[in-house]
Each structure stands twice: as C-alpha cells, then as structure tokens.
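Protein sequence lines, in the order shown, are assigned to chains A, S, Y and X. Taken in order, the first sequence gives residues 1 to 333; the numbers are from the numbering used here. Taken in order, the second sequence gives residues 1001 to 1333; the numbers are from the numbering used here. Taken in order, the third sequence gives residues 2001 to 2290; the numbers are from the numbering used here. Taken in order, the fourth sequence gives residues 3001 to 3316; the numbers are from the numbering used here.
Just so you know, these hints were derived from the structure itself, not from any lab. Some hints here could point you the wrong way.
Claimed, not checked - Label-pair distances were calculated between CB atoms; the ranges are:
#1 2127/Y x 204/A: 35 to 45 Å
#2 3166/X x 2127/Y: 34 to 44 Å
#3 129/A x 3226/X: 22 to 32 Å
#4 3226/X x 185/A: 28 to 38 Å
#5 3226/X x 207/A: 29 to 39 Å
#6 201/A x 1303/S: 33 to 43 Å
#7 326/A x 3226/X: 50 to 60 Å
Stated by the list, open to error - Covered stretches of chain A (in silico footprint by chain X; criterion: 3 or more residues with CB under 8 Å from a CB of chain X, positions within the stretch not fixed):
#8 57–68
#9 82–89
#10 93–101
#11 111–124
Said to hold, decoys possible - List of simulated lysine-lysine pairs, BS3-like, C-alpha gap at most 25 Å:
#12 2186/Y x 1120/S
#13 3086/X x 3048/X
#14 86/A x 113/A
#15 176/A x 203/A
#16 1109/S x 2198/Y
#17 1120/S x 1137/S
#18 1199/S x 266/A
#19 2198/Y x 1120/S
#20 1172/S x 1137/S
#21 2186/Y x 1082/S
#22 1109/S x 2186/Y
#23 10/A x 176/A
#24 86/A x 10/A
#25 1137/S x 1109/S
#26 1066/S x 1082/S
#27 1172/S x 1078/S
#28 86/A x 203/A
#29 1199/S x 2198/Y
#30 2198/Y x 1082/S
#31 113/A x 131/A
#32 1120/S x 1082/S
#33 176/A x 5/A
#34 1172/S x 2186/Y
#35 295/A x 1137/S
#36 3048/X x 86/A
#37 86/A x 207/A
#38 2186/Y x 1078/S
#39 1066/S x 2186/Y
#40 1066/S x 1172/S
Glycine is no exception: its CB is placed at the ideal position from the N, C-alpha and C atoms.
Listed below, chain by chain, are the residues.
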Amino acid sequence: MSDDKLLIVKDLTTTFATAGGDLPAVAGVSFDLARNETLGIVGESGSGKTVLSRTIMGLQPRVNTTVSGSSIIDGFEVVGASENEKRTIWGTEVAMVFQDPMTSLNPVMRIGKQIDEALRVRLGMNRKDAKARAIELLELVGIPSPVQRYNAYPGQLSGGMRQRVVIAIALACSPKLLMADEPTTGLDVTIQAQILNLLDELKGRLKMSVILVTHDLGVVATRTSRIAVMYAGRIVETGTTRDVFYHHRMPYTRALLESSPKVANKSHTRLVTIPGRPPNLLSLSDGCSFAPRCKYATDQCHLVRPELRPSIEPGHTFACWNPLPINAEATLP
Amino acid sequence: MSAIRTPLLRVNDLEVTFYVHGHAVSAVSGVSFEIMEGETLGLVGESGCGKSTTGKALMRIVEPSKGTVELEGVDITKESGKALRSARTRMQMIFQDPISSLNPRRRVKDIVAEPLDCWKSVTGVERDTLISDLLSKVGIDPSVYGNRYARQFSGGQCQRISIARSLAMRPKLLICDEMVSALDVSVQAQILNLLEDLKAEYGLTLLFIAHDLAVVKNVSDRVAVMYLGKICEIGPADTLYESPAHPYTEFLLGAALEADPDSPMHSQTLEGEPPSPMNPPSGCRFRTRCPNATQKCADEEPLPQEVAPNHLVSCHYPLTIHHKSATPITLEG
Amino acid sequence: MSSFSLEEAALMVERPEKSEPLGLFFWICVFWIGLNVFGAIFANILPIQNPLNENFNAINVGPGLHHLFGTDDLGRDIFSRIVYGSRVSITVGMGAILIGFGVGAPLGMLAAYRRGRFDSYLTTIMYVLLAFPAIIATIAVLSFWTPRSLFKIIVVIGIASIPLVYRVIRTATLSVATKDYVIAAKVQGATDRRILMKELLPNIAPIAVSFFLIGVATVITLEGALAFLGLSVNPPTPSWGNMINEARTVLTQNVWLAFFPSLALCLFLIALNFIGDRIRSHFDVTEVKL
Amino acid sequence: MLRYLTKRLMLLVGIVFVISVGSFYLIHLLPGNPATVILGFGATPEAKAILYRQLGLSKPIYLQYFVWLGNILHGNLGVSFISQTKVSSVVRSALPIDAEIIILSQIMAFAAAIPTAMRSARKPDGIVDRVLGATSFTLLSIPPYILIVVLVLFISIKLGVSGTGPSAYVSLGTDWITNLESLSLPAFTLATVSFVVYYRVLRSDLIATLQEEFITMARSKGISQRRIMWRHAFRPSAVALLGAASVNIGGLLAAGFVVQYLLQIPGLGYTLILAINESDFLVVQGIVLTVSVLVVAINFFFDFVINMVDPRISRE
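Chain A with its partners taken away, still in its complex shape (with noise of 0.2 Å):
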C-alpha cells in the first residue's frame, strides 16, 4: 500500500527562532503523495509555503530552526537525519526549482559548470561525460544552441533561459520527486506558460512525482491533479483539484478565488474581498487562525481550532468549524 506512495508527511512542523520569540512557519503538516502524481501547494505569502518546501526535503536553514514530524521520501526519514545523510538523496531522489532564477544560480560560475557539478559529484562522471550530459540536458530543457550557452555565465541570460537552466540543474541526477517553488513568479505571462508547459512535459517524460508551490491559483488548476491550501502554516483544505475549486468547503478557499480578478469580468467589476489581513505568527490564537477574517465565525472557531476532516468525496478535506454546504454542480464562485 505504501509502496505507491512516494513522500509521506506527517505532522510536520518547522520553527524559527526569531527576536520576536518562536515563530510556527509550518505547523503539523501530514499528506502523502503518489508516484507521478502533481500536487499543488497553495498559499498567500506567509502561508508557510515556501517552508514547507524545504522542510520536506530537509532544505531549510540550519540556523534557529527546529523541525519535527516526519517527512519520509521512498523510505528516506528527512526529519532528523543529518546533513550528509539527507546529501545522499538530495539530487537523486529529491531535487529542488526555485522561484527566482535571477538569484537562484551562482553569478560567478559558468551554467555548465553548475550542471555539471552535480553529475560529477553525485553520479561520479568524468568531466567529458557530464559535459556531453550537460549539454543533453540543456537541449531538454529547450535551450537554443547549447554548446555554445553551456559556457554563458548567468547574468548573459535571459530570465526565462535561466529558469530553464535552474531545471537542467534539478533534473540532472534524475531525482523521483521535483518541488517547485513559485517556479513561474517572476516571469512574464507568455515565458510563464513556456516554463509549465516545461514542466509538465518533463514530467510525464521521466516518471517524476511533482509538488507545484504557488499563490497563483491559475497555475494549478489545470495542471496538478491535487491541491492543498494553506493558510497560516497549516493546512486548511486538500483534495482533488476540482474539489477544491468546484466543491471547497473552506471559507478561506472560497475568499481566495473571489477575491483573484478573472480575465472573463466585464470592467469594473467589483472584487469581494477577504477583510483584514494575514495573522501574525508569533501570536496565533488558540482557535482557527482564519477565524478573524471569517464571516461564518462563530465563538467555537475563535477558541478550538478545527482539525482537517473529510468531506464527501474521497480524499477532499478542511479544517472548518462552519464549512460551506455540499455544492453538488460544478461551478466557481
């Protein structure tokens, strides 16, 4: 049964320690994800995203920061093990696209080179093999004569050729499982479809399970088959993607896709809006954290935070005192 199973996280929490006291950016996090399956993270910035990222393959900083749960990636426990240990899988098993490819690669070194590294490193290639390898892998990734780019520093490209190369990077020890971060962010609309369309492509063509990191609710309706939403560290709904779009039951769910402005509205359209603003982590109350901004609040959500239950379809869940009622059709809000 859990053979299918690829990463299981459970009640993963990371803290940090800050000036202003322990700050929960994940806390108690569990889901599972299936071989070749595409998950979508979902979250305003804040959300504990981006954290829970690296928590789950052993990436955050090493300073002021404490994890626990577990998080076990094809039978690798993450929580615990030390940074050598964790090395023997980062890469091959588990590899990492980060948001921004302006900063993500090093400004000094050859984009060869970078790619290179970890073939040499990792797989043990002498330098012609993971030359002739590198170069395949910028092929792959549709970068336009790579011979010649394989020599380019990062700062001779483009943001959209480097994105491209930051995926060469991660996919050059052939990991199982690819996390991206906000892979798309901060490209423009046109590079942005280029770089998922990408993505999707590797995707089925090696076998990979991916986790999509994203605010942008665009980004993963029609590409991951699953979602989840987070909300203050935690997770608040998961299930099947057009569960979550057609049948959520989380208010929060539902504010963040009224409150996106959609291509399709006539101008001057009014936006509903999620009053407030995010909560402050470092004094979260005892209660739901979306309690203060939720108009279905009553006292209960204010002092016992809801745990994550399941709705009708198999697999949907939210963490909801007051959830929404059971939306048979199909529709957006």
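Chains S, Y and X: place on chain A using the hints.
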C-alpha cells in the same frame, strides 16, 4: 460615464531613449494615446516593453527624447523649474514596490503631508484635518497609526498610505505603475476596490499600468497593449479582450492562466523571447515571433488602423473579428 | 495592529533580523570618548600638572599617588602629558575628517542624486585622486612643507580624505536615491534641496556617522605614524604618538613611559571603532562596505 | 572584458600622469628656490649652476616637466647632491626589501584570514566567531607602530631571540635564514594589520553570500559543505577580499615605512625618512614617484584579477 468626453491627457509620438555603454536603446519609440476625463486606460505588456517608462516619461521622471505630453492642453515637455513641479502635482504616481515608495525613516503623517509641506498651501490646522481625512479614506486610522514610521507597515498598508499621499493635492490624473503586482490576492482585491471608490469620489482619471491582464481588465475602460516600445493595439477593454485584432494580444490572452480547472488548455503558446530593444527588428516589431509574418512585415512598419469603433491595431494582417467562446462562469453573491 | 506583520515574518523566515541592540559596552565607549574630549578641551582648567614642567627630583618615577602614571626621563608628569597629548590626536582626527566631510559629503550626495555628466566627471576625478596613494602623498608634502604645524597636518590629511569620504557618501546615497520614495517626493513637487535634506540625509546619516567615527580613528592612527617618522608636531608639545616614540628608546629602563600613552591611544581607538561599527550594524546598513 | 580593460588602462595612464605632475610639482610647492631646496643653504654657485643646467630650471615650467619626464622614462631619477649617488640605484637596492616584507606579510595574512573567516561565517555569532570577532576588533585598534614596539620588547629583548631586533637586517643574498629572521617581526606586524581587514571583510561577505539562494540551490544538489564553501561561496566573496587587499596596499606600505624605520631596515621607508631628515629632495621625489606608480600598478593588477573572478563586473 458621461456622453461628452474631452481628453485630459494627450500623448503624441512619445520617445524615450536610454544610453547603455554609448548605445542608444529606445525604450519607448513613438507612443501616442489619449485619456479622456474620468476614464481609466489600462496599459499592459511584458517586462521590458516600455510601459513603466512611458508612465515615468509622462511625469518627466525620465526625460522624453521626443514627442509631447499635453495635460489639459498644456505641453508638459516644455515646462521647467517651478512650473514643472507644479504640473507634476496635477498628475500623481503610485509605484510597484509599496515598501520602497515610503521613506522608512519618516512618520506616516509626514509622508502624507509631504505634498502640502512642499507647497505650504494650507495652515497647520487644515493640514492636520486633511491628513486625518485622507488616512481615514484609505482605511488607516490616523489617531492610531499616524505617528508610526513607514517601516512598521505591511505592503498593503504601505500602498494605502501611498494612495493617501497621492491624493493630497487633489490631482486630475493618477498613474498606477504595477501598483498591485507585489500584493497577495486578498490584499490586491482590497486595494483595487479602494482605488475604484476613490476614483469616483475624487473624479480621477487613471492610467493603470500592469502586466496582469485580469487585473487590467477589471479596472479599465480602454486597454492599450505594448510590445517592444510600441503600442500594438488599443481599444475598449471588453471588445479588445473578446476579439483581439493583434496576434500578440491573442497570444498574451492565451497565456493568461484562468483559475479554473476546466479552462481550455491553450495548446499554442508564444515561442521564443522578445528581441533586445537595443536592436529591434525592422518593420513590425512582433514579426520575429509572429506565425503570420510575411516579407511585408519586415519591410513596412504597420500603422494603426481602426478595426472597430475606437479599436486601433498596428498590424498588416489583423485577426478577423470573431467571438471567442467565453468560459462559462457563474457569479454568486 | 501588531508592529510585526506577516510579510516581515515571511522575510524573517529567510533572513533573521539583524538589527542588534546598542548594548552596555556601546555606552561605555561613548562615555570614554566623552571623557577624553572633555579632558582635551578643559586640560588648562583641570587640576592637573603642567605637562612641560620638568622635575629633576622625580625622574622615571613609576605609577603612584603623586604622579598617577609616573614621570618621564625629564621628570614630567605622564598623566598630564597624556591629557594634553589627546588634544593633538583629537584635533587632528576631528579636524581632518571635518574637512573631508565638509567637501566630500555634499559632493558625494549631489553626485549620486544628480547622476549624469556631473556625477561621471566628478567620480572620475575622485577615482584618480583615490588611486593616488594618499598616505605617501601626505608624507611627501609634510616632509618638505616646513615648519610643521598642527594646522598644516590637518589640512593635508583633510584634503587626502576628501575622495574617500566622497566615495562612501556617494555609494550610500546611490543606494537610497534610486528608491521609489525619492521619485515619489519629486512627483509631489519637492525641490531638490528638500529631497536631499528630508529624504536622503536621514537615510544616509547612520552610514555617515559611522564612517566619520572610523575615519577619526584612522586619522589618529596616521597622526601617530607621522609622529614616529618625526613628521607631526614638534616636541616638547606632547602628542600620544611622539610620547610613544620618545619612550621606545628607553623601553628597557621604564616600560610605563610607553605603556600609558599606548594604552590611552588604543582605548580611544577601540571606543571609536566600536561605536562606528555598532551604529552601522544597528541600522543594518549592509549595502555599503566601509 | 577587453573594453573594460582598455578603459581601465586609460585611467591608469591618466593616474600615472597626475602622479608624475604631482611629484614633479612637489618642489615648486615648497617655499624658496628649487636649487636651494635641493642643494641646501650652503650650496656653492657652481653647484647651483650645474643643477640649473641638469634640471633645465631656467626654462618655462612645462618644458622643465618634459625634460624631467624624459629623464624619468630613461630610468634616470637624478643624482643625489647629498650622497652623490644615483637615485635610481638607491631605489633599486631598497625596493626588493619592501617587496619581500609585503609578500611575506600578505602570504601570512591570507593564510590566516581565509580559514578563520570561513569558520566564523559557518556559524555566525557562535563561540568561535565571537572570539575571533573580539580578537580582530582589538587588533584593529592597535596601530602597527605600537604592535612592533611590543613585539620587539617581548621577542627580541625579553625572550632574547637573536636577529629579530633593531639593526639586525641581513640581506637575502647573504643568508636567507637570517634574512627571514630579521624580517620576521616587520612581516608579522604587517600581516596582523592586513589579517584584521581581510578577516572582517571576508567574514561579512561570506555571511551575506551564504544566505543567497544559490547556496541553498547548491545544497539541494547534494554536494559537500566543503565544496559549497570553496566553489560557491568563496569565489563571489573573493571579490570583496581582493578589493580590500587592493585598497589596503597603500596603507600597508605606509605601515611598512614606520616599521622599517623603527628596526632600521634599509627599505624604501627607512631610506625615505633618512632622506627627509637630510633634506635630500631628489631621493624623496624618486621614492614617492616609485611607490605611487607601484601602488597604482598593483591596484590595476587587482582589478584585473577581480575581473577574472567575477564576470559581472566588466559587464556593468
């Protein structure tokens, strides 16, 4: 919307040239448009297309190398000294990065009062009431937050303070340069609604510059699309989105991601990346990426032609007007 | 509203808060500098002995009640010589850096704010001056511009420090001048003068103050070196530098003679450097490397 | 890259021009007749006449400059009227000593600064970092002339290590071991001064670099900590280190002067001070010119190296 419209702003053949290592780079090359009193014109395009530079050139934050900018019939490009400073107060600008638009070492009250203090147009008492009034209008309690420093506020609140500051001199025209692109969706919706309210209350005319097509559609009466320093299409928002006449606009709309799992996947994405403005293509600037390009596109620069009332396109082969099947969207309370 | 927003929390997740508290040692250093400056200004009024008074009955006396730090080989009181000696060090340090800031800081701010041709010409000139080894030039000029005086030393070092101050202030201003709030002020119709004073100055002040203090420390060190080379004020006027220089020949007979002025100099430098360093880290101005 | 270097080379020529004018003009800044300045007050009219001819002092000043420059370019720095020796040979015999001290000190400083800064940056505010920080801070505030006095007092006098004290200099050609001994204290002093600067600059730059996203990226590839430090963090930070070294060189020479003077090591510094005391103008001028040009050339060299290390610089 009133029936009789007079142009508040008339931009004619605006050009902005930068010098990079002695090479002339034409960031804006011959842009002309008008904005009617009380209207919102959206200006969309990808990064580097010159939309922000256009906005800045209108206020002469960057110097136009050619062309005229007439605000209420007065050519601003010929003004200097005090007349220019005074002209700038009739237009105002809101910037992309809310945090860096406010001086971190000044108090909120002083930031909002800056234009009043520059011109010493009001007495001390008037100043205080005016500031309190403005801050309340944008949803910031002046008695609680007026004396705080700008660095203590979140992005959304900073943007509110920026708006309050920009309204202090009762400007006619507000230039919004990517003002919501750094914000989370929930905050973005609040700011956009606030902007619409204030626009009505203060009788503002807006130039709304953004890369997000959905956001632009929501606030604009008319939309202009820029590519590589030129406007390629301009027209009423609803018809332009419904039936784009320029191939670039169509690609742009196709690449925009709808937050809907059932939205059609656009198989045709725009390939390649925009050419460098240092060395733009001859003729039509989009021809290097355009599937319909012919020899004529390389030889002749297309001039704006009217394809529908008020709908101008600069293309030798404009797309025929057709009605795209809009995604069915149901709206709920 | 809490003063700690979620956006900031998100930032803290990536980069821990760097602003350090000033701390007790900072205030001890401030007190120490204050004490030294006070002594330098009021040396004549304070109840201390005449630094030039030679007492042949008490030559090379060790530290004691009568002579706190002992006496030198001419029987002069070391404590009072140190107090008077601080005058030279502090005057040269402050004077030279004031000249450097007086010229370099306004030019640096203006160049970074204006940019364009004014900036590129001025920066090229300053770059040329900066490449010119200022210390060698100082030694060369002072060695022949006789007779030496405090004034000449201050002027020469002061001029030599202009390009350094210019560069630091220009870099600091540049990082601020490109911020949107400066453009915003321009858009409000603020005059250039107002922008320089209200928007730029408060934001570069921590860097300027920090660099000022570290600059004073550097010049005081340099003055000491000049004294060793015999290029500073002429004896018998005491300065920390020439006291140490004179004492080193009798090091084997009387260590105190060199010890106390060295200690005074080092403690003063530590205090200056520490305050400068702490101001910089407190305001977290990492963009500019001093 | 080529454009950048050409530009820098042109600047270099400009700077050297300014230095030459400055050094040349030095004599005219001084009060009194140049001949008197050079020869001293007791000079005979005959000596003055020779000097006038040699320096072309009766010609207009810009022509004097070109005569002077022509001489310099032929390696002729003039003949000292005090010691009756060629200034160029004085410089030539003193210069290697400075070079040796500086090279020794820089080797020591880099060897100490790089590993310690890396160690500190790995755990900022850890115990090792705090100790190193406090130590470097204290050393920062101890001027080299106090340091050398303390070293001489303890090592040469109290411990009686021979060959390290004043006037102990032995040339490299005579015996390299005693030569190293005689230069050990000056080199150590200059090394300490440089170490403090290098350690602090490299540490803060490394800390900043280690927070960059590309370091996390490198971690995620599964490469070793050691490799991340050297390949990914050190190289970008080396730019700051080399920049500091470049700026440091002028101050280092000056500190070297004092140290040489105190230990009577016949390098450029000691020679310069003796010349100043004897009012031997031509020797002072020659040394100032040599040292200035040297500093500028070294700066240019560092620029070149920095440019090699960081491809971003020549692009902007």
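Evaluation of the provided hints:
The hint said 35 to 45 Å for the Cβ distance between residue 2127/Y and residue 204/A, and at roughly 56 Å that hint is violated. At roughly 40 Å, the beta-carbon separation of residue 3166/X and residue 2127/Y lies within the given 34 to 44 Å, and the hint holds. For residue 129/A paired with residue 3226/X, a C-beta distance near 23 Å keeps the hint of 22 to 32 Å intact. Between residue 3226/X and residue 185/A, the C-beta spacing of about 33 Å keeps the proposed range 28 to 38 Å intact.
Hint check: residue 3226/X to residue 207/A, Cβ distance near 33 Å, so the stated range 29 to 39 Å holds. In this structure the supplied range 33 to 43 Å holds for residue 201/A paired with residue 1303/S, their Cβ-Cβ distance being about 40 Å. In this structure the supplied range 50 to 60 Å holds for residue 326/A paired with residue 3226/X, their Cβ-Cβ distance being about 57 Å. Given as covered by chain X, the segment 57–68 of chain A passes the check, having 3 residues with a CB less than 8 Å from a CB of that chain where 3 are the minimum.
Counting residues of the segment 82–89 of chain A whose beta-carbon sits less than 8 Å from any beta-carbon of chain X gives 5, enough to reach three: the coverage restraint holds. Proximity of the segment 93–101 of chain A to chain X, defined as three or more residues with a beta carbon under 8 Å from a beta carbon of that chain, is established by the 5 residues found. Restraint check on the segment 111–124 of chain A versus chain X: 4 residues with Cβ-Cβ distances below 8 Å, three needed, restraint holds. At roughly 16 Å between alpha-carbon atoms, residue 2186/Y and residue 1120/S fall within 25 Å of each other, so this suggested pair holds.
Using a Cα cut-off of 25 Å, the hinted pair residue 3086/X and residue 3048/X holds, with the two alpha carbons roughly 18 Å apart. Of the pairs offered as hints, the one joining residue 86/A and residue 113/A holds, with about 23 Å between alpha carbons and a cut-off of 25 Å not exceeded. A C-alpha spacing of about 10 Å is found between residue 176/A and residue 203/A, which places the hinted pair at or below 25 Å, so the restraint holds. Distance hint between residue 1109/S and residue 2198/Y is fulfilled; the C-alpha atoms sit about 14 Å from each other, no more than 25 Å.
At roughly 22 Å between alpha-carbon atoms, residue 1120/S and residue 1137/S fall within 25 Å of each other, so this suggested pair holds. Proposed proximity of residue 1199/S and residue 266/A is supported: the alpha carbons are some 18 Å apart, at most 25 Å. For a cut-off of 25 Å, the pair hint linking residue 2198/Y to residue 1120/S stands: about 15 Å separates their Cα positions. Restraint check for residue 1172/S and residue 1137/S: satisfied, since their Cα atoms lie roughly 18 Å apart, inside the 25 Å limit.
In summary, the hint linking residue 2186/Y to residue 1082/S is supported, as the alpha carbons are separated by about 12 Å, within the 25 Å threshold. Restraint check for residue 1109/S and residue 2186/Y: the C-alpha separation of about 18 Å stays at or below 25 Å, so the hint holds. Restraint check: the Cα-Cα separation between residue 10/A and residue 176/A comes to about 20 Å, which is no more than 25 Å; the hinted pair holds. In summary, the hint linking residue 86/A to residue 10/A is supported, as the alpha carbons are separated by about 18 Å, within the 25 Å threshold.
At most 25 Å may separate the alpha-carbon atoms for a hinted pair to count; residue 1137/S and residue 1109/S meet this at roughly 14 Å. Note on residue 1066/S and residue 1082/S: the hinted pairing holds, with a Cα-Cα distance of about 22 Å set against a maximum of 25 Å. A C-alpha spacing of about 19 Å is found between residue 1172/S and residue 1078/S, which places the hinted pair at or below 25 Å, so the restraint holds. Taking the CA atoms of residue 86/A and residue 203/A, the gap is about 23 Å. The hint holds against a cut of 25 Å.
At roughly 30 Å between alpha-carbon atoms, residue 1199/S and residue 2198/Y are farther apart than 25 Å, so this suggested pair is violated. A C-alpha spacing of about 19 Å is found between residue 2198/Y and residue 1082/S, which places the hinted pair at or below 25 Å, so the restraint holds. With a C-alpha separation of about 8 Å, the suggested pairing of residue 113/A with residue 131/A holds against the 25 Å cut-off. Restraint check for residue 1120/S and residue 1082/S: satisfied, since their Cα atoms lie roughly 14 Å apart, inside the 25 Å limit.
Using a Cα cut-off of 25 Å, the hinted pair residue 176/A and residue 5/A holds, with the two alpha carbons roughly 12 Å apart. Distance restraint check for residue 1172/S and residue 2186/Y: the Cα-Cα separation of roughly 17 Å lies within the 25 Å cut-off, and the hinted pair is therefore satisfied. Between residue 295/A and residue 1137/S the CA atoms are separated by roughly 23 Å; this keeps the pair inside 25 Å, and the hint holds. About 82 Å separates the Cα atoms of residue 3048/X and residue 86/A, which puts this hinted pair outside 25 Å; it is violated.
For the hint pairing residue 86/A with residue 207/A, the CA-to-CA distance comes to about 22 Å; that is within 25 Å, so the pair holds. Among the hinted pairs, residue 2186/Y with residue 1078/S is consistent with the structure: their alpha-carbon atoms are about 17 Å apart, no more than 25 Å. Of the pairs offered as hints, the one joining residue 1066/S and residue 2186/Y holds, with about 22 Å between alpha carbons and a cut-off of 25 Å not exceeded. Proposed proximity of residue 1066/S and residue 1172/S is supported: the alpha carbons are some 24 Å apart, at most 25 Å.
In terms of the numbered hints stated before, the structure departs from hints 1, 29 and 36, listed from lowest to highest.
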